[in-house]
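Undergrad: From first to last, the protein sequence lines stand for chains A and B.
Residue 421 is where the first sequence starts when you use this note's numbering, and the numbers rise one by one after that.
Residue 8 is where the second sequence starts when you use this note's numbering, and the numbers rise one by one after that.
A portion of the hints provided could be inaccurate.
Straight line, CA to CA, 25 Å or less: simulated DMTMM-like cross-link-like pairs of lysine to aspartate or glutamate [claimed, not checked]: (1) A:LYS457 with A:GLU435; (2) A:LYS533 with A:GLU474; (3) A:LYS457 with B:ASP31; (4) B:LYS24 with B:GLU79; (5) A:LYS533 with A:GLU435; (6) A:LYS457 with A:GLU474; (7) B:LYS64 with A:GLU435; (8) A:LYS421 with B:ASP31; (9) A:LYS457 with B:GLU21; (10) A:LYS437 with A:ASP489; (11) A:LYS421 with B:GLU51; (12) A:LYS491 with B:ASP31; (13) B:LYS18 with A:GLU435.
Calculated Cβ distances over 12 Å to all of chain A for the following chain B residues [claimed, not checked]: (14) ARG29; (15) PHE72; (16) GLN87; (17) GLY115.
Honestly, the hints are just simulated from the structure, not real lab data.
The C-beta atom is built at its ideal place from N, Cα and C for all residues, glycine as well.
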Amino acid sequence: KNQVEQSPQSLIILEGKNCTLQCNYTVSPFSNLRWYKQDTGRGPVSLTIMTFSENTKSNGRYTATLDADTKQSSLHITASQLSDSASYICVASMIKAAGNKLTFGGGTRVLVKP
Amino acid sequence: GAGVSQSPSNKVTEKGKDVELRCDPISGHTALYWYRQRLGQGLEFLIYFQGNSAPDKSGLPSDRFSAERTGESVSTLTIQRTQQEDSAVYLCASGPGGWGYGYTFGSGTRLTVV
Numbered sequence: 421k422n423q424v425e426q427s428p429q430s431l432i433i434l435e436g437k438n439c440t441l442q443c444n445y446t447v448s449p450f451s452n453l454r455w456y457k458q459d460t461g462r463g464p465v466s467l468t469i470m471t472f473s474e475n476t477k478s479n480g481r482y483t484a485t486l487d488a489d490t491k492q493s494s495l496h497i498t499a500s501q502l503s504d505s506a507s508y509i510c511v512a513s514m515i516k517a518a519g520n521k522l523t524f525g526g527g528t529r530v531l532v533k534p
Numbered sequence: 008g009a010g011v012s013q014s015p016s017n018k019v020t021e022k023g024k025d026v027e028l029r030c031d032p033i034s035g036h037t038a039l040y041w042y043r044q045r046l047g048q049g050l051e052f053l054i055y056f057q058g059n060s061a062p063d064k065s066g067l068p069s070d071r072f073s074a075e076r077t078g079e080s081v082s083t084l085t086i087q088r089t090q091q092e093d094s095a096v097y098l099c100a101s102g103p104g105g106w107g108y109g110y111t112f113g114s115g116t117r118l119t120v121v
């Protein structure tokens, strides 16, 4: 069964601190993995997308890693800001031949406090 | 337009009424998803369109839910005889359907059944 599991479910951090979110997936055949940021009341916005051959990708203060062997990904937020408070969703995609389907994780809610 | 457009942004309806939600995907995107997001919960897959292929309707929760899309154009999600449990944000996402590409989400339609 194709699944994406994220941890922790929620996280509270102080402004300026770093944090790391985890994502484990069992999607097969795997194509790529995306991290989305979803602000309250808004649609998800893409942060990074990585294929199986990429190990790390950065987008500003966000750095995603991917280990295709262990089927794990992480999203690291550096020097957190209040605006980082949001849900972060990990999404794994199957290859086009399988319909390019997306499998969503349940998300990690991040609250950054001053 | 440059993004995925959903309308209406908000809809309040009486229990038992039918509602129709609209999604305008990015021009040229062959893939289109509908998701439902209940308050404080993750994204729940509803239906997936890929070009002219038969849609994947496996996520539709009941026969009160239906969706249509002609080719690569607008999609409509219809909920008949709405119930209070249908209250949620309904999100639409479109993508080019190619390997390695990301999907773009609309801002969603917030449906409230009273």
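Undergrad: Tell me, which hint numbers fail for this structure?
TA: 2, 4, 7, 8, 9, 10, 12, 13, 17
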